[in-house]
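Number of protein chains: 2
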Amino acid sequence: MTESSGGPLELEIESLSAERFAPFGEVIEASAGRVGAGAYPIDVYPINDGGALRRDHVAQVDVEEGGGRLRVSVARAAPRTLPLLVEKLERHPLGSQAFVPMTTACFLVVVAGGVRPPRARELRAFLAGPGQGVSYRRGVWHLPLSVLERETDFLVLDREGPGENLEERALDRPVRIVLT
Amino acid sequence: MTESSGGPLELEIESLSAERFAPFGEVIEASAGRVGAGAYPIDVYPINDGGALRRDHVAQVDVEEGGGRLRVSVARAAPRTLPLLVEKLERHPLGSQAFVPMTTACFLVVVAGGVRPPRARELRAFLAGPGQGVSYRRGVWHLPLSVLERETDFLVLDREGPGENLEERALDRPVRIVLT
Chain A
1 MTESSGGPLE
11 LEIESLSAER
21 FAPFGEVIEA
31 SAGRVGAGAY
41 PIDVYPINDG
51 GALRRDHVAQ
61 VDVEEGGGRL
71 RVSVARAAPR
81 TLPLLVEKLE
91 RHPLGSQAFV
101 PMTTACFLVV
111 VAGGVRPPRA
121 RELRAFLAGP
131 GQGVSYRRGV
141 WHLPLSVLER
151 ETDFLVLDRE
161 GPGENLEERA
171 LDRPVRIVLT
Chain B
1 MTESSGGPLE
11 LEIESLSAER
21 FAPFGEVIEA
31 SAGRVGAGAY
41 PIDVYPINDG
51 GALRRDHVAQ
61 VDVEEGGGRL
71 RVSVARAAPR
81 TLPLLVEKLE
91 RHPLGSQAFV
101 PMTTACFLVV
111 VAGGVRPPRA
121 RELRAFLAGP
131 GQGVSYRRGV
141 WHLPLSVLER
151 ETDFLVLDRE
161 GPGENLEERA
171 LDRPVRIVLT
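Protein chains in written order, with our numbering: chain A, 1 to 180; chain B, 1 to 180.
Source of the hints: derived by calculation from the structure; they are not laboratory data. All residues carry an ideal CB built from backbone N, CA and C; glycine is no exception. A few of these clues could be false.
[As the list claims (entries may be wrong)] Across the chosen pairs, the derived CB separations fall in these ranges: (1) B:R20 - A:I42: 37 to 45 Å; (2) A:T81 - B:G33: 19 to 27 Å; (3) B:Q60 - A:P46: 23 to 31 Å; (4) B:Q60 - A:R169: 28 to 36 Å; (5) A:I42 - B:G6: 45 to 53 Å; (6) B:E149 - A:T81: 16 to 24 Å; (7) A:E160 - B:D49: 16 to 24 Å; (8) A:D172 - B:P130: 35 to 43 Å; (9) B:A22 - A:S17: 35 to 43 Å; (10) B:R119 - A:R169: 53 to 61 Å; (11) B:E160 - A:V178: 39 to 47 Å.
[To be verified] Quick look at which bits of chain B chain A covers, simulated, 3 or more residues with Cβ under 8 Å: (12) 74-82; (13) 153-160.
Excised from the complex, chain A in its bound form (with noise of 0.2 Å):
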């Protein structure tokens, strides 16, 4: 995170992992490992008579907060450029959210810790790329769904139901979301 007197801050995309994210969700992604290979990453399991490998329980669905449930639908979202400016974050208060592309993409992905409103300085900035979804913990900060390159498909994972689940809150200061 840079700083240029009085503009917004500037602030540098990382690329995305489990380890990176964990404080604010999961990334929805294979492990590492082909097919047929024989040795296998500790978290899969061979499937179809070794004809896939599947690793379970990728996201925490939390949905059921307050009489909610799963709700599954599909998002087409427009590409945004970067860089990108930021004046406000969302969260949802009541369940967890998860956006998976469905086809081969690259999207942005910005959080920030804690239940109290944003401050630009907390932000972080992940790329996440081809086969990477990601699923935002319940109350985590975050910018709606931006995608890079081109209009792409989602599926999404989260809650219906009765109760007041998006708070909107304005950034102290803009960020700059650049990629370096």
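Since chain A is already given, all that's left is putting chain B on it; use the hints.
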């Protein structure tokens, strides 16, 4: 479906559509329509200040029978080639099962209606194109994940819990799936 004396039945592949697939489950896909076009199909609505179109309830997740719950997984599948000889199908009597490709892919969907063991003459074969996934209704006979072209990662939504949720049955006669 054509018959060659004594050998397998030949079954031609249809393109996948919601209407054709309705007896077996749902096609998971966006509605036609570009983001920002102004006029939208009746089943979608704009989100994110107009930056995306969302379509809800694209799959009926039915996993609670017998104390079951949702399991979110990723399966990495090795490609299969056409023509493909199908000698058995499987079904999950306790829950629905959905597959959504996470990169641009085509996969083969082979299904049969009814509860009793499937017969070769009853099979239908569909080609799911880029941006399409499927959800098999509980108990629908189907061929395991069969992607074409290249190794592909799929998001899988199905049931985990007590009870035996896998049944496999040989067909009365093999079926050769062909692309005409």
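A quick look at each hint next to the structure:
Taking the beta carbon of each, B:R20 and A:I42 are about 41 Å apart, inside 37 to 45 Å as hinted. Look at A:T81 against B:G33: about 22 Å separates their beta carbons, and that is inside 19 to 27 Å. The hint said 23 to 31 Å for the Cβ distance between B:Q60 and A:P46, and at roughly 29 Å that hint holds. Between B:Q60 and A:R169 the CB atoms are about 35 Å apart, so this pair conforms to the stated range of 28 to 36 Å.
At roughly 48 Å, the beta-carbon separation of A:I42 and B:G6 lies within the given 45 to 53 Å, and the hint holds. About 30 Å separates the C-beta atoms of B:E149 and A:T81, a value inconsistent with the hinted range of 16 to 24 Å. About 21 Å separates the C-beta atoms of A:E160 and B:D49, a value consistent with the hinted range of 16 to 24 Å. For A:D172 and B:P130, the Cβ-Cβ distance of about 42 Å falls inside the hinted range of 35 to 43 Å, so the restraint holds.
Separated by about 40 Å at the C-beta atoms, B:A22 and A:S17 satisfy the suggested range of 35 to 43 Å. A beta carbon spacing of about 59 Å between B:R119 and A:R169 agrees with the range 53 to 61 Å that was offered as a hint. Taken as a hint, the range 39 to 47 Å holds for the pair B:E160 and A:V178, whose Cβ atoms sit roughly 42 Å apart. With 6 residues having a Cβ less than 8 Å from any Cβ of chain A, the stretch 74-82 of chain B passes the three-residue criterion, so the hint holds.
Only residues whose C-beta sits within less than 8 Å of a C-beta in chain A count toward coverage, and the stretch 153-160 of chain B has 5 of them, enough to reach three; the restraint holds.
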